[in-house]
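S.K.: Residue numbers (this note's numbering), protein chains in the order written: chain A, 1 to 114; chain B, 1001 to 1111.
Please note: incorrect hints may appear among the correct ones.
Some chain A residues close to chain B (C-beta under 8 Å, calculated; not the full set) [stated by the list, open to error]:
no., residue
1, ARG43
2, LEU44
3, PHE46
4, ASP49
5, ILE50
6, PHE66
7, GLN101
8, ILE103
9, PHE104
10, SER106
11, GLY107
Listed below are the simulated SDA-like cross-link pairs for lysine to any residue, each with C-alpha atoms no more than 20 Å apart in a straight line [to be verified]:
no., chain 1, residue 1, chain 2, residue 2
12, B, LYS1044, A, PHE104
13, A, LYS68, A, ASP27
14, A, LYS37, B, LEU1042
15, B, LYS1040, A, PHE104
16, B, LYS1036, A, PRO40
17, B, LYS1024, B, THR1059
18, B, LYS1044, B, GLU1001
19, B, LYS1044, A, GLN81
20, A, LYS42, B, ASP1038
21, A, LYS42, B, GLU1001
22, A, LYS37, B, ASP1085
Pairwise CB distance ranges (calculated) [what the hints assert, rightly or not]:
no., chain 1, residue 1, chain 2, residue 2, range
23, A, VAL31, B, GLN1053, 34 to 42 Å
24, B, GLU1018, A, ASN59, 40 to 48 Å
25, A, GLU39, B, THR1026, 20 to 28 Å
26, A, SER18, B, GLU1058, 39 to 47 Å
27, B, GLU1018, A, LYS69, 45 to 53 Å
28, B, GLN1067, A, PRO40, 25 to 33 Å
29, B, ASP1038, A, GLN81, 26 to 34 Å
30, A, VAL13, B, SER1039, 40 to 48 Å
31, B, PRO1083, A, ALA29, 23 to 31 Å
32, B, GLN1053, A, THR26, 24 to 32 Å
33, B, THR1013, A, GLN45, 22 to 30 Å
34, A, ASP67, B, ASP1030, 44 to 52 Å
Source of the hints: derived by calculation from the structure; they are not laboratory data.
It should be emphasised that the depicted structure is a prediction, and the values quoted were computed from it without experimental measurement.
Cβ coordinates follow ideal geometry from the N, Cα and C atoms, glycine included.
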Amino acid sequence: GEQVEQLPSSLIVQEGASVLINCSYTDSASVYFPWYKQEPGKRLQFIIDIRSNMERKQNQRLTLLFDKKTKHLSLHITATQPGDSAIYFCSPKPASSGSWQLIFGSGTQLTVMP
Amino acid sequence: ETAVFQTPNYHVTQVGNEVSFNCKQTLGHDTMYWYKQDSKKLLKIMFSYNNKQLIVNETVPRRFSPQSSDKAHLNLRIKSVEPEDSAVYLCASSGQNSDYTFGSGTRLLVI
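Build out the structure end to end from the sequences listed, making use of the hints.
M.R.: Written out as structure tokens, the structure reads:
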């Protein structure tokens, strides 16, 4: 089945810094790649996605890069704020194991210091 | 308000008891899911349910079972809880080719 690895597992930065979160997956049939954010004590929240026919997608301070050949994604967050402190999950959607199941990476814990 | 609603928020029980968690979505989505989030925040899919078709993660112990009355409800029953079942159980729903909407979770503590 799909294996998803996220690096780094945790990140601590000063407010205003940019961060990069990497995600690698194994199932070449994955076609949809949503990312989710989980702030402390809050529910998982969708933040950005990309499909396999795209290489780049931007949503305000978030930029998602996708390399189909290497099966790798990068989430770039610019001008970080304390409110960005959360766990970020990469979740490739494998086409093989039932068309509607998301498999989550192990998460990246981001802490933004004021 | 359209969302995914889970009850209870928190449940403490003893080993061997039966528990049941409720989940309801008012988004008109076709598919619902249960995930288990452990103390390290790892998320594991347990079940998905779409149009009366249930997909089960084969690693889920048999004491866990989903129960659905319609596409807006997917409850989770644990027949005889064990200490390793302590976790947060997250319910989610999705429409066709859309992202997931999650509930706020049910935290289970087995003592």
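S.K.: Does each hint fit the structure? Answer for all of them.
M.R.: Hint check:
1. Nearest Cβ of chain B to the Cβ of ARG43/A: about 5 Å, under the 8 Å cut. The hint holds.
2. At its closest, the beta carbon of LEU44/A sits 4 Å from a beta carbon of chain B; the interface hint therefore holds under the 8 Å criterion.
3. Among the interface hints, the one on PHE46/A holds; its C-beta lies about 4 Å from the nearest C-beta in chain B, closer than the 8 Å criterion.
4. The beta carbon of ASP49/A comes within 6 Å of a beta carbon in chain B, closer than 8 Å, and the hint placing it at the interface holds.
5. Proximity of ILE50/A to chain B is violated relative to the hint, the smallest CB-CB distance being about 12 Å (cut-off 8 Å).
6. Of the supplied interface hints, the one on PHE66/A is violated, with its beta-carbon coming no nearer than about 16 Å to a beta-carbon of chain B, more than 8 Å.
7. Interface restraint check: GLN101/A against chain B, minimum CB-CB distance 5 Å, threshold 8 Å, status holds.
8. The beta carbon of ILE103/A is positioned within 8 Å of a beta carbon in chain B (closest approach about 7 Å), and the interface hint is therefore held.
9. Interface restraint check for PHE104/A: the shortest CB-CB distance to chain B comes to about 4 Å, inside 8 Å, so the restraint holds.
10. The closest approach between the C-beta of SER106/A and any C-beta of chain B is roughly 6 Å, which is under the 8 Å cut-off, so the hint is satisfied.
11. This hint holds: GLY107/A has a C-beta 5 Å from the nearest C-beta of chain B, less than the 8 Å allowed.
12. Among the hinted pairs, LYS1044/B with PHE104/A is consistent with the structure: their alpha-carbon atoms are about 7 Å apart, no more than 20 Å.
13. Pair hint LYS68/A plus ASP27/A holds up; C-alpha atoms about 11 Å apart against a cutoff of 20 Å.
14. Restraint check for LYS37/A and LEU1042/B: the C-alpha separation of about 13 Å stays at or below 20 Å, so the hint holds.
15. As the CA atoms of LYS1040/B and PHE104/A are separated by approximately 13 Å, the hinted pair is consistent with the 20 Å bound.
16. For the suggested pair LYS1036/B and PRO40/A, the alpha carbons sit about 17 Å apart, so the restraint of at most 20 Å is met.
17. Distance hint between LYS1024/B and THR1059/B is unfulfilled; the C-alpha atoms sit about 25 Å from each other, more than 20 Å.
18. Distance hint between LYS1044/B and GLU1001/B is unfulfilled; the C-alpha atoms sit about 28 Å from each other, more than 20 Å.
19. The suggested pairing of LYS1044/B with GLN81/A is violated, with an alpha-carbon distance near 29 Å, which exceeds 20 Å.
20. This hinted pair checks out: LYS42/A and ASP1038/B have alpha carbons roughly 15 Å apart, not beyond 20 Å.
21. Distance hint between LYS42/A and GLU1001/B is fulfilled; the C-alpha atoms sit about 18 Å from each other, no more than 20 Å.
22. Proximity of LYS37/A to ASP1085/B is assessed by CA-CA distance (about 24 Å); at most 20 Å being required, the pair is judged violated.
23. Judged by the Cβ atoms, the range 34 to 42 Å given for VAL31/A and GLN1053/B is violated: they are separated by roughly 21 Å.
24. Between GLU1018/B and ASN59/A the C-beta distance comes to about 44 Å, which sits within the given range of 40 to 48 Å.
25. Range check, GLU39/A to THR1026/B: Cβ separation about 23 Å, and the 20 to 28 Å hint holds.
26. With their beta carbons about 41 Å apart, SER18/A and GLU1058/B fall inside the hinted range of 39 to 47 Å.
27. Against the hinted window of 45 to 53 Å, the Cβ-Cβ separation of GLU1018/B and LYS69/A comes to about 50 Å, which satisfies the hint.
28. Checked against the hint of 25 to 33 Å, the pair GLN1067/B and PRO40/A passes, with Cβ atoms roughly 31 Å apart.
29. At roughly 29 Å, the beta-carbon separation of ASP1038/B and GLN81/A lies within the given 26 to 34 Å, and the hint holds.
30. A hinted range of 40 to 48 Å is violated for the C-beta pair VAL13/A and SER1039/B, which are about 25 Å apart.
31. The hint said 23 to 31 Å for the Cβ distance between PRO1083/B and ALA29/A, and at roughly 37 Å that hint is violated.
32. The beta-carbon spacing between GLN1053/B and THR26/A, approximately 26 Å, falls within the hinted interval of 24 to 32 Å.
33. For the pair THR1013/B and GLN45/A, the supplied restraint of 22 to 30 Å holds, since their beta-carbon distance comes to about 29 Å.
34. In this structure the supplied range 44 to 52 Å is violated for ASP67/A paired with ASP1030/B, their Cβ-Cβ distance being about 31 Å.
Of the numbered hints stated above, those contradicted by the structure are hints 5, 6, 17, 18, 19, 22, 23, 30, 31 and 34, listed in ascending order.
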